[in-house]
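Trainee: Residues per chain are reported as follows:
Number of protein chains: 2
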Amino acid sequence: MTPADRTVDVVVAGAGYSGLQTARTLVDAGLDVLVLEARDRVGGRVLTEVTPSGAVVDQGGQWIGPTQDRLQALADEYGVSTFPTYLDGANLEVRDGSVHPFIGLVPTSDRDGSADTVATLLDLDLLAQEVSPTHPWDHPDAGALDRITLAEWVESAADTQTARSLVATAALAVFGCGPEELSLLYVLSYAHSGGSMSSLIRTAGGAQERRFTGGAQQMALRLAERLGDRIVLDAPVVSVSYTDGGTGEPAGVMVTAERRGADDGRSSWRVAARRLVVAMPPAVQGRIAFDPPLPGSREQLVQRAPMGSVTKIHAVYDRPFWRDAGLSGQVVADAGMLRATFDDSPEDGSHGILMGFIAGAVDRSSESDGAAGRQRVCLEELARAFGPEAAEPIEFVEQRWSAEPYSRGGPVAGLGPGVLTACGPSLRMPVGPIHWAGTETASVWSGYIEGALESGERAATEVVATLDGTALNRATGLDESSGQ
Amino acid sequence: MTPADRTVDVVVAGAGYSGLQTARTLVDAGLDVLVLEARDRVGGRVLTEVTPSGAVVDQGGQWIGPTQDRLQALADEYGVSTFPTYLDGANLEVRDGSVHPFIGLVPTSDRDGSADTVATLLDLDLLAQEVSPTHPWDHPDAGALDRITLAEWVESAADTQTARSLVATAALAVFGCGPEELSLLYVLSYAHSGGSMSSLIRTAGGAQERRFTGGAQQMALRLAERLGDRIVLDAPVVSVSYTDGGTGEPAGVMVTAERRGADDGRSSWRVAARRLVVAMPPAVQGRIAFDPPLPGSREQLVQRAPMGSVTKIHAVYDRPFWRDAGLSGQVVADAGMLRATFDDSPEDGSHGILMGFIAGAVDRSSESDGAAGRQRVCLEELARAFGPEAAEPIEFVEQRWSAEPYSRGGPVAGLGPGVLTACGPSLRMPVGPIHWAGTETASVWSGYIEGALESGERAATEVVATLDGTALNRATGLDESSGQ
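Line by line, the protein sequences give chains A and B. Under this note's numbering, the residue at position 320 of the first sequence is numbered 324, and the numbers go up by one with no gaps. Under this note's numbering, the residue at position 469 of the second sequence is numbered 473, and the numbers go up by one with no gaps.
I should point out that these hints are in silico values taken from the structure, not numbers from a laboratory. Be a bit skeptical, because a hint or two may be false.
Quick look at which bits of chain A chain B covers, simulated, 3 or more residues with Cβ under 8 angstroms [unchecked claim]:
(1) 147–154
(2) 292–303
(3) 407–413
(4) 417–430
For the chain A half of the interface with chain B, some residues (derived, Cβ under 10 angstroms), not all of them [what the hints assert, rightly or not]:
(5) C181
(6) G182
(7) P183
(8) E185
(9) D238
(10) P240
(11) E262
(12) S272
(13) Q307
(14) A309
(15) G312
(16) G364
(17) D367
(18) E371
Quantities reported herein were computed from a predicted structural model and do not represent experimental measurements. We treat Cβ as the ideally placed atom computed from N, Cα and C, and that holds for glycine.
Pulled out of the complex, with its shape left as it was, chain A reads as follows (with noise of 0.2 angstroms):
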């Protein structure tokens, strides 16, 4: 076997927030880290750019609520500030091809429908709260509940078309996949995960209340910094071997990355460590080759846990015209390219910025339009709910979460049927030195920057309660790093 390159106590896998805070936290133990991270940034599904005129715009997750304590914590201690999500005004409600105006959460112009939806998102929270955030299978119907997805659900819990279209509106902004692709199990439980399911979609007191002046991203370059050359960037993780210490010898990791190097050639660069906290999607980490193999529900957990798939689009604009017209730049539409459409402006109004969601079997599809065939059918859907204005942004600008090959897609993982109840406990269920981290092992807040923090919370205690005191790295003296 070659050598190790560096030797650490920990290595951490994936410098999203999940991998930031497990790092931190087990920094903070006294414990010598490394993160190795894919990308040439940190920030994972949350990545704030400014567009060339100068607009600041949230690629990826962007929002705060309440009962994300460690999100706003974390945005206190670095002195982030945040700001309410616009929502002054009516909302838009498009309709097989007409446009209602309607204040509140659900739609009105279909007056049954309207109630139809109260009714059944009701039920369905309260059929989440039976449900677990984080042993699901523990149900008593838990193999019913999994057997069938949420479009079978509320197919029969709803009596209108309009219900079932807005439910479907709900899971596409939500998870990136239609309610046919999700197990009702995994929705109840990952609603619960974040209250229910109508906090994941409220915004005033809800998922999307508030935004952070700045971006979303700047909390984790902050910690980014605080890590400094603990995290290396440009250096996916293609392969690791592990022994559990079964026979005797201590169980440990060694991590082979591949390092760019400046001229774009690649190198191996293997780190050993005591333990390895992944902290990425289950669908990207298995991407990496493990050996031994991982045991056989893990494996099969992975390649049932597909990342949602989501464009986020922005149309800049020098002002937030819809806003004169008593338009809060919501929208939610039964059909089309963008389902689900919200005002990202900056909190001084000093531009107008409307933010969009293309999710799902139509994200997939509109591959083959392009990225002109894109804008041009969200533009003519803008037009079509704030008027021609909305046609002529001073920019455009989209992430396609599915082609970027480190996340797979966005913004969650959608779990289908039957895979919670055969493969759940794989989920967060340590691999010998190997432990999981990410927003999809979180048991609040799962698939939000919320659930990234307290997993690598979760992980790190974990790391830190297998490592006692007498086996510290500063006790045993393995802390001879031979540099990068």
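Use these hints to put chain B onto chain A, whose structure you have.
Mentor: Just chain B now, kept in the frame of chain A:
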């Protein structure tokens, strides 16, 4: 960029039956081909082994049936003979813990259930005839058929629990997936590719009709002999960079494999080629890093094509004692670890072998039982069916396909709801210089050895068509092998 270690016309990634047939077809067309295989053997999901007592066991694919003409031709070519799967005497049905003998395809202890099962199978077969094996998404009701699972369909199509349970057993045996994991559209398309669901589950006249004297891997071994040093074993492909030739430079790939040396050290090995054929299941392909990333729709497909979960067990006895009792060795069970068994004795009956499948959720959860625990339960179940003698085999072997890193499960990919309509066209669509083989891409007998062979021929034909005569290696003098 590091220069290539070797340059060929076409790299084939994977030396299962699809990759071997691809390579053979390409070589016959005069092309310079290199096959990179991750394992230390060829054959993929087909593996024949000899146990210590000298029993020949097929650990993976093993049968040949009517209309599997390519496979028959290959067996003829290499002089491998076949013999009928043993099916004299009564099959056994295990229902609600009791054992009932029956003759024919469908268990009969519950008469209403039996009639209902036949009617349900017929319904499924008729539906399957409407669905194209190659373009199921073109069906006028594709959306609706892809929106529901096989479980949901059978819930309404069948009137009895017996019929539902038998369809579940069929799904587990055919796909290694429970009916709640499978899209109805996928099941219909898959069944049609092999004729009908009935042909898939039949022994006489169906997919399990005959076996190969000496095992099903033999033709793969002979093909590999013929290909000689064009096959490199122990060389998993880890990354591929490619250009589609859009910018005027010729389309081509640079394939990086990780070769394991005699000292267990690993080294990267780079092969340049004009085309690449990826001959492996989508889920295994998903482990390879592509640069530029594959299109999002392909990426999303690959995340949504998980392998079924199956363990094949063989209990070896000194003679096929169940035949004395007038039993065929076939069991169909409504519960338990083994949902289906077969007589896998050699043709001359010189010893007795019972083979069984542990599939789907039970296969995954049985991981925690360990090999000894699984053996104990399997032997209890065999003894319940065939008497106490079955509890005392001279050998017991198991092959857990979900623990095989280069299969990731078996026997085949199981697509859930919404996948085919959303991502199906990406299954076979070339991406620049990259073509896709593997039985999951087959238009006939998808999931079977026959389908693997067909897919290889089709992929090779695609490649040859894009490399027209004037551009062939021989003419352009690219054939500068620099050695391996």
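Trainee: For each hint, tell me whether it holds in the structure or not.
Mentor: How the hints compare with the structure:
no.	hint	in the structure
1	147–154	holds (count 4)
2	292–303	holds (count 7)
3	407–413	holds (count 5)
4	417–430	holds (count 7)
5	C181	holds, 8 angstroms
6	G182	holds, 6 angstroms
7	P183	holds, 9 angstroms
8	E185	holds, 4 angstroms
9	D238	violated, 13 angstroms
10	P240	holds, 7 angstroms
11	E262	holds, 8 angstroms
12	S272	holds, 7 angstroms
13	Q307	holds, 4 angstroms
14	A309	holds, 8 angstroms
15	G312	holds, 9 angstroms
16	G364	holds, 7 angstroms
17	D367	holds, 8 angstroms
18	E371	holds, 5 angstroms
In summary, the structure is inconsistent with hint 9 from the numbered list given earlier, while agreeing with all the others.
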